[in-house]
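Everything in the sequence shown is counted per the working numbering, starting at 3 for the first residue and increasing by one.
These are computed hints drawn from the structure, not numbers from a lab.
From the three backbone atoms N, C-alpha and C, an ideal C-beta is built for every residue, glycine too.
Please note that the accuracy of each hint is not assured.
[As the list claims (entries may be wrong)] Straight line, CA to CA, 20 Å or less: simulated SDA-like cross-link-like pairs of lysine to any residue:
{"no.": "1", "residue 1": "150", "residue 2": "162"}
{"no.": "2", "residue 1": "101", "residue 2": "134"}
{"no.": "3", "residue 1": "158", "residue 2": "113"}
{"no.": "4", "residue 1": "101", "residue 2": "143"}
{"no.": "5", "residue 1": "158", "residue 2": "100"}
{"no.": "6", "residue 1": "150", "residue 2": "163"}
{"no.": "7", "residue 1": "158", "residue 2": "121"}
{"no.": "8", "residue 1": "150", "residue 2": "113"}
{"no.": "9", "residue 1": "158", "residue 2": "137"}
[Unchecked claim] What follows is a set of in silico ranges between Cβ atoms, one per label pair, in the way DEER data are often shown:
{"no.": "10", "residue 1": "152", "residue 2": "91", "range": "52 to 62 Å"}
{"no.": "11", "residue 1": "120", "residue 2": "158", "range": "40 to 50 Å"}
{"no.": "12", "residue 1": "131", "residue 2": "162", "range": "19 to 29 Å"}
{"no.": "13", "residue 1": "122", "residue 2": "144", "range": "23 to 33 Å"}
{"no.": "14", "residue 1": "160", "residue 2": "139", "range": "12 to 22 Å"}
{"no.": "15", "residue 1": "163", "residue 2": "94", "range": "53 to 63 Å"}
{"no.": "16", "residue 1": "99", "residue 2": "139", "range": "17 to 27 Å"}
{"no.": "17", "residue 1": "128", "residue 2": "163", "range": "29 to 39 Å"}
{"no.": "18", "residue 1": "95", "residue 2": "151", "range": "41 to 51 Å"}
{"no.": "19", "residue 1": "105", "residue 2": "151", "range": "24 to 34 Å"}
{"no.": "20", "residue 1": "145", "residue 2": "119", "range": "15 to 25 Å"}
{"no.": "21", "residue 1": "94", "residue 2": "150", "range": "47 to 57 Å"}
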Amino acid sequence: MAFFTPAHATPRPTLPPLRSLDLPYPLAPHASTSTSTSSNDSNDFQSPDLTHPLFHRPRQVSVSSTTSSRLSASPSPPPTSPSALSLSPRPPPQPQPPKFRLVPAPLASADAVLVVPPPSASSQPDQPLLLVGDALRHVRGPGRELAKGARVHPYKIVRERRTQGMVETTK
Numbered sequence: 003m004a005f006f007t008p009a010h011a012t013p014r015p016t017l018p019p020l021r022s023l024d025l026p027y028p029l030a031p032h033a034s035t036s037t038s039t040s041s042n043d044s045n046d047f048q049s050p051d052l053t054h055p056l057f058h059r060p061r062q063v064s065v066s067s068t069t070s071s072r073l074s075a076s077p078s079p080p081p082t083s084p085s086a087l088s089l090s091p092r093p094p095p096q097p098q099p100p101k102f103r104l105v106p107a108p109l110a111s112a113d114a115v116l117v118v119p120p121p122s123a124s125s126q127p128d129q130p131l132l133l134v135g136d137a138l139r140h141v142r143g144p145g146r147e148l149a150k151g152a153r154v155h156p157y158k159i160v161r162e163r164r165t166q167g168m169v170e171t172t173k
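Construct the entire structure; sequences and hints are all you get.
Pasting the structure below:
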């Protein structure tokens, strides 16, 4: 495999030895012992040797008090004018879904019908059904009879529009 070497290549810089960087001593793998069952496991680590000279550096002492902190604290920057702030544009407000009301109406002009099934022998009563569209046309169709004891409540669907705090209803 051939490697491309540009003619104007600059020599790579020489890095200092790691020991001269005064970094903490890294974790070292466990030494293999005869009692260890997983001596070849590369995930076993032990704590660094705290007797190593890198861990015996003199500590830097820092003394602080609330008085000295207050005196040495820099003043806060002046407030930024609103025109200088870069505001991200707000997303447009989400339109609220339309609100509807059900208004009692005659079956012939109803937009929806609430069908309450007859009482059943079970301990839990059946849930009422709100029928609209094709299901309503099916129930309202000629020659349709409901089960004995079932009740039908026809309604007109009225959409509410909000205009300047007032509620208008449209039919």
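Here is how each hint holds up against the structure:
{"no.": "1", "hint": "150 / 162", "result": "violated (36 Å)"}
{"no.": "2", "hint": "101 / 134", "result": "holds (17 Å)"}
{"no.": "3", "hint": "158 / 113", "result": "holds (5 Å)"}
{"no.": "4", "hint": "101 / 143", "result": "violated (29 Å)"}
{"no.": "5", "hint": "158 / 100", "result": "holds (16 Å)"}
{"no.": "6", "hint": "150 / 163", "result": "violated (40 Å)"}
{"no.": "7", "hint": "158 / 121", "result": "violated (26 Å)"}
{"no.": "8", "hint": "150 / 113", "result": "violated (23 Å)"}
{"no.": "9", "hint": "158 / 137", "result": "holds (15 Å)"}
{"no.": "10", "hint": "152 / 91: 52 to 62 Å", "result": "holds (55 Å)"}
{"no.": "11", "hint": "120 / 158: 40 to 50 Å", "result": "violated (25 Å)"}
{"no.": "12", "hint": "131 / 162: 19 to 29 Å", "result": "holds (24 Å)"}
{"no.": "13", "hint": "122 / 144: 23 to 33 Å", "result": "holds (28 Å)"}
{"no.": "14", "hint": "160 / 139: 12 to 22 Å", "result": "holds (20 Å)"}
{"no.": "15", "hint": "163 / 94: 53 to 63 Å", "result": "violated (20 Å)"}
{"no.": "16", "hint": "99 / 139: 17 to 27 Å", "result": "holds (26 Å)"}
{"no.": "17", "hint": "128 / 163: 29 to 39 Å", "result": "holds (35 Å)"}
{"no.": "18", "hint": "95 / 151: 41 to 51 Å", "result": "holds (49 Å)"}
{"no.": "19", "hint": "105 / 151: 24 to 34 Å", "result": "holds (26 Å)"}
{"no.": "20", "hint": "145 / 119: 15 to 25 Å", "result": "holds (20 Å)"}
{"no.": "21", "hint": "94 / 150: 47 to 57 Å", "result": "holds (54 Å)"}
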